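S.K.: First to last, the sequence lines map onto chains A and B. Just so you know, we're using this note's numbering here: the first sequence kicks off at 1 and counts up by one. Just so you know, we're using this note's numbering here: the second sequence kicks off at 1 and counts up by one.
Think of the hints as simulated: they come from the structure by calculation, not from any bench. Since the model is a prediction, treat every value here as computed from it, not as a measurement. There may be inaccurate statements among the hints.
Stated by the list, open to error - Below, in silico cross-link-like pairs of lysine-lysine (BS3-like), each with a Cα-Cα straight-line distance of 25 Å or less: (1) B:Lys458 <-> A:Lys75; (2) A:Lys75 <-> B:Lys298; (3) B:Lys85 <-> A:Lys149; (4) A:Lys118 <-> A:Lys75; (5) B:Lys85 <-> B:Lys34; (6) A:Lys50 <-> B:Lys298.
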Amino acid sequence: MTVEIKSEQNIEQAVSDAIERHGNQREELIPILTDVNRTLGFLPAEALEKIGARLRVPRSQLFSVASFYQMLSTKPRGTHVIKFCESAPCHVVGGRQVWEALQESLQLKNGETSQDGKWTLETVSCLGVCAVGPVIVIDDDIYGNLDPKQISEILARYE
Amino acid sequence: MKPVRSMVLVSSDPQSISHGAEEVYLLMQQEIKKFGLDSEISLSMVGDVGRHDVSPLVIVYPEAVLYGPVKPQDVHHLVEEHLFKGRIATELQAPARELTGKIAWLNARKGTMPAEQRVVLERAGVIDPESLEDFIVHDGYQALGKALTTMTPTNVIDEIERAGLRGRGGAGFPTGLKWRFVQKALGEPKYVVCNADESEPGTFKDRLILEGDPFSILESMTIAAYAVGASEGYIYIRGEYGLAQERLKNAIRQAREMGFLGENIFDSGFNFDIQIHAGAGAYICGEETALIESIEGKRGEPRARPPYPPTHGLWGKPTLVNNVETLANVAPIIRQGAAWYRGFGTPSSPGTKVYTVLGNVNVTGVIEVPMGITLREVIAIYARGMKNGSNFKLAQTGGSSGSIIPSVLQDTPMDFDSFSKAGVSLGSGALLICSEDTCVVDLARVLLNFFRNESCGKCNPCRIGTQRSFEIMTNVAEGTGTLQDLNDLSYLAENLYQMSNCGLGQTAGSPQRDVLTYFRAEVEAHIRLKVCPTGVCRMSGERIGLSSN
Chain A
1 MTVEIKSEQN IEQAVSDAIE RHGNQREELI PILTDVNRTL GFLPAEALEK
51 IGARLRVPRS QLFSVASFYQ MLSTKPRGTH VIKFCESAPC HVVGGRQVWE
101 ALQESLQLKN GETSQDGKWT LETVSCLGVC AVGPVIVIDD DIYGNLDPKQ
151 ISEILARYE
Chain B
1 MKPVRSMVLV SSDPQSISHG AEEVYLLMQQ EIKKFGLDSE ISLSMVGDVG
51 RHDVSPLVIV YPEAVLYGPV KPQDVHHLVE EHLFKGRIAT ELQAPARELT
101 GKIAWLNARK GTMPAEQRVV LERAGVIDPE SLEDFIVHDG YQALGKALTT
151 MTPTNVIDEI ERAGLRGRGG AGFPTGLKWR FVQKALGEPK YVVCNADESE
201 PGTFKDRLIL EGDPFSILES MTIAAYAVGA SEGYIYIRGE YGLAQERLKN
251 AIRQAREMGF LGENIFDSGF NFDIQIHAGA GAYICGEETA LIESIEGKRG
301 EPRARPPYPP THGLWGKPTL VNNVETLANV APIIRQGAAW YRGFGTPSSP
351 GTKVYTVLGN VNVTGVIEVP MGITLREVIA IYARGMKNGS NFKLAQTGGS
401 SGSIIPSVLQ DTPMDFDSFS KAGVSLGSGA LLICSEDTCV VDLARVLLNF
451 FRNESCGKCN PCRIGTQRSF EIMTNVAEGT GTLQDLNDLS YLAENLYQMS
501 NCGLGQTAGS PQRDVLTYFR AEVEAHIRLK VCPTGVCRMS GERIGLSSN
């Protein structure tokens, strides 16, 4: 894996920025974790340690919160994260074929990150744009009404 | 079902049959053919549509004209006038009657085109959602002004109770009653929480309300806070809804600047402010106690109840939690009165309902219609028929915790009481409409996969029950299921319902329960014949893996 190892300094910066934005109250834990996750791509153990020290929350509790929410990741992820909706509304309008095309194109299974660190592929429960299923989200871009044939063309847009 | 120009329904309850409904139906069929209209008009016998005083009834859509009592000798005239020439045969119309019974919504429309009735989404798409001025021009903040300057908190709650508003999050709990609990609860401060963690698969109505009319939620929350005596408000919004979050932040900032939030609102001495709390991707946080835990910065695991949030909610204080759509009804009710509101919907479920229409239909999207409309109408009129001329097989309501509605229930009015009498649930407002190409085993498996993933794992019945149900359903889909498996699925469904701590587990058994109730033969074909009748399941006997697809 060539995923960039986050430097001590980057982590410190991301944690400080997030705490400055939200304050160091316990109730702000989830917004802080969300911000750090967004900046760093995931939540490295060092980041959790620093947040715990600043908010006076034990690491066990921090990890339990960080591992609970689907948008937070404690493992490194690829440069581009592809979220595929596997719920019923997307499934009945051809979701399975899109999912197979995605796995085929990327040679990845659910939850895996590619060797070059470019892609992470994961399934999610619902993306809230159900009228245009099947739906995938790549980073912040939403693609709806998908046809398996479109997959390779869409993936090619990401360098 | 192909898109048709008109849809004609003939009532077929015992009363109608005894008054000659079958003969009317057969004559209608002949007359429609005689005029060469059979390709553009659909004709069906439907069950009991009420109004026994004028049965048999003939209802013609999209005009929603009610004819009755229709006698065989009237049929030729009716077809010629209405269906061939396009004129309503007024002399055959059923006399209008008070709003009662199952077809109250029909009267509420006054026989006009069944255009949408927009209460909640009235301003969405009409105003600039980032402009407080635009909101005010479109009657915004009139309701709050009226409440704060002319009504006591108890008056406000009385009005909401009189309107008969019921929670739109899925359970249908009377809103006024909930408010009264919080108003009477002891403890300071009190909180008002808007539940915008809309994560039911297939549901995105709240997102459209928040994106299209964010100020209306602030206004309604402020009215609610005044009624229950709260001073602080939270909007818990799901993390995926970026645009809605931005719009809300902007709305809160503008409302504060103009004095609609903060201290001494409308010079009434009443103080209230709202903050946004974004979720981070967890379906269970839509459960109100899990949502409260999440606002407090913890894992979103539901609390043991009682005590309930109205007495012990956020930080142990009295807390009102209402869904976005429920709140969006509040300001219109206060502004225009309970009597106006009761003009929509059915007596037991007044008002409108926002539905998201999805699946194998020609037009998908969001509609707001009076409570009590039927699935058949939604499909024929709003969704413009089934895709590629396929036939309707079932609908799945209210995201994953809704029910599977077989086609025999497509004439049941969609309101809380009619659905609960039929043993199904309205859920959160998603209508996933499936054609005959959908396999019920495959569908149930996808729904169970969702519950298995989203169970928070706190209580055993749900954590183990959802996983085990999914595994068994997977066996059936692979062609390795046994008849004993079906007994096990029923047993698990019952245990999930009886023993789970919160609503997620309690409803997680509904997919297997519903498919075994309505589609048992199709499920058994997977086991006895090793055949998937729709050809969806791969039946290879090989493991297809523990992913939904």
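S.K.: What hints, given by number in increasing order, does this structure fail?
M.R.: 3
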